[in-house]
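**Student:** Each chain is listed here by its residues.
There are 2 protein chains.
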Amino acid sequence: MNIAILGFGTVGYGVYDMASHTENLTVKYVLDLKKHEDITAKSVTDIKEILEDSSVDTVVELIGGENPAYSFIKSALLAGKNVITANKLVISKHYEELTALSKQQNVALRYTAAVGGGIPWLVNLERTLRISRVHRVRGIFNGTTNYILDAMHKDGETFEAALKEAQRLGFAEADPSSDIDGLDTQRKIAISANVAFGVLVNPDEINVSGIRSVSAEAVKDCEEHGYVCKLMAKARNKNGAISVWVEPTFVKKTSSYAAVAQNYNRISYDADHVGRGSFSGFGAGRYPTAYTVVGDCIDVANGVKKAYNSNMRPVHIDNSIVAHRYYVKTTAENDWLKENTESVWRHGVLLKPVSVGKMHEMAAEIQKTDPNIFIAGVY
Amino acid sequence: MNIAILGFGTVGYGVYDMASHTENLTVKYVLDLKKHEDITAKSVTDIKEILEDSSVDTVVELIGGENPAYSFIKSALLAGKNVITANKLVISKHYEELTALSKQQNVALRYTAAVGGGIPWLVNLERTLRISRVHRVRGIFNGTTNYILDAMHKDGETFEAALKEAQRLGFAEADPSSDIDGLDTQRKIAISANVAFGVLVNPDEINVSGIRSVSAEAVKDCEEHGYVCKLMAKARNKNGAISVWVEPTFVKKTSSYAAVAQNYNRISYDADHVGRGSFSGFGAGRYPTAYTVVGDCIDVANGVKKAYNSNMRPVHIDNSIVAHRYYVKTTAENDWLKENTESVWRHGVLLKPVSVGKMHEMAAEIQKTDPNIFIAGVY
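These protein sequence lines are chains A and B, in that order. Throughout, the working numbering is defined as the position within the first sequence, counted from one, plus 36. Throughout, the working numbering is defined as the position within the second sequence, counted from one, plus 36.
Hints listed in this document are in silico derivations from the structure and should not be mistaken for laboratory results. All of these numbers come straight from a predicted model, not from anything done at the bench.
Each pair may be met inside one copy or between any two copies, as identical chains are not told apart.
Here are the simulated DSSO-like cross-link-like pairs (lysine-lysine), alpha carbons at most 27 Å apart as the crow flies:
#1 Lys-256 with Lys-288
#2 Lys-288 with Lys-190
#3 Lys-256 with Lys-190
#4 Lys-256 with Lys-289
#5 Lys-342 with Lys-64
#6 Lys-289 with Lys-190
#7 Lys-374 with Lys-256
#8 Lys-190 with Lys-200
#9 Lys-388 with Lys-256
#10 Lys-70 with Lys-84
#11 Lys-288 with Lys-374
#12 Lys-110 with Lys-84
Could you build all of it, start to finish, from the sequences and the hints given here?
**Tutor:** As structure tokens, then:
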């Protein structure tokens, strides 16, 4: 199979390197802003050359960001080419259009690396859906935040010090906003919910709370009560009603999620027949991500000709129907918090079970007076 | 695809039930010792009828045990039929012959459910091997022993009480020997090592130590030092030299293996490019196992025509090249133990790193005077 790689950064080079050593895969083009001389593929700067070459079966998009990645993916599908990408932003935002387009064109649209990096999550989810109905998805989808929280627990570091260390090691970007504010996780759970439940969610409807305001005090409170703090995303299908949210979560010290160390990810489904299945590994990095992209290439070379799930029942996310306890740390005075307090911890309070929707709504309200409010679901 | 199910016990019925509701799968025959009237498939008692029906594409063996399962599998392959089975005993013992036969006949030989029950372990291992070299496999492969050890840790139960409870819940068989003595795990790691490394091991060369002699005192020692006891199997490929062993293992309280609760399993590989990938879920049970068998059926219906790895470099297992610390609890006096003792715990001793081969050899020697000797690898 002849492939063209769009983008020649960290992952792009990794895919070029691995695909060049894989049987039945030929990297025919590499598209980049600048020309590359030292590669066996043809180096081009204009996508047209790739789209007009009918010998190119598959376009691998690894530019990242929304544009021009989105328009390149769309043009490639319209040109009748299979598309493989690791771009969670484009897939989550343009899920409906691109899924429909791949179906219409009868070509593959694969994005295993967009959710879970080196973890074969979406392909296993797809495999399970052949037989079973999945009613719950949850997990730690982001290695940067997991690394930071892990360091805060294990080394007693402050958020700022842990973030700096993550940046030094290359686990966090210079601008870490999309990771620590939970946007990266939001995109991944949006895609996972769409595939798992055969629906079409609006990512903007997902309640998201990140870890920017997590403090050493909150981590101490968490530990004192036998918990470990993780940034988690959850999605549920309860008789067709869909709930999806992202928030810091206190999980029991002995739970499988508590044991997810460093920059590892872990994602689970709950399905009929088989019960809970969990998948863990590196959620990012040049070679883990490239490995997964090349895996998608092999699947397509072997005849896969579709997106993960072309069922797209449009739904509104309803987070009023799921409730659990919350830890809240804030300097603000608030009557609703007082009414719902179950117990007072050293640096914050534990609320009685309240709905996810209500808690995120109240947190946004309180944030106006206390920008550093921190909330975490407690299980 | 037309399938014939051999054996109509717990899993056989589950597969019949699920396959009957799966698109493109038709259960044409069910073979059992007695006739069944209330099923849509033809109930037969003689394998000949199935083998002679050229419309049967695939034979699903779920009888268990060595015979007649082995001869039925062999006859089915010789008759040119794909074979799917959950039979770890037959596959581990007759790996070479059956793998070669499936290759010669150009038919599928799939046994995902034989290792890990509801966990898609072998299919993911196979997927990884398309791209990467796997150099290590390890895991908790047995739900019965995990349930027993988990109960001993969490509820402070004795081995006998935990075993009885596991039997009451259906997690342990009336004769639990093959589980608690590690033979079930031995078969699963033999198959995993063969597939992962493209080798042919002799299962009898695998050092195996089970949990029959684990005591509340040993569990206390384990906990006091920050560990949790698990029955684990490990396999390594170090530049072509293969080590494989099964033994109780003290893992750190915060490790991902420590968090494996109840009758769950967890299996990992370490591979080039992608690093460590881990898979967990139910290792047994009617529907988890049936789910995996039906998954194999769909793969075969979709065109899979082979065993997981037909490379079979014959190797001798060398456990003299891997060493780690051991916890040993015995009433026997032994000079070698004294020489290698690193520290004395309340009820046993912690040895300095010794080779796996030597430890298992010495344990067998000491067992002649103390049948209740208990050993555990310490990490």
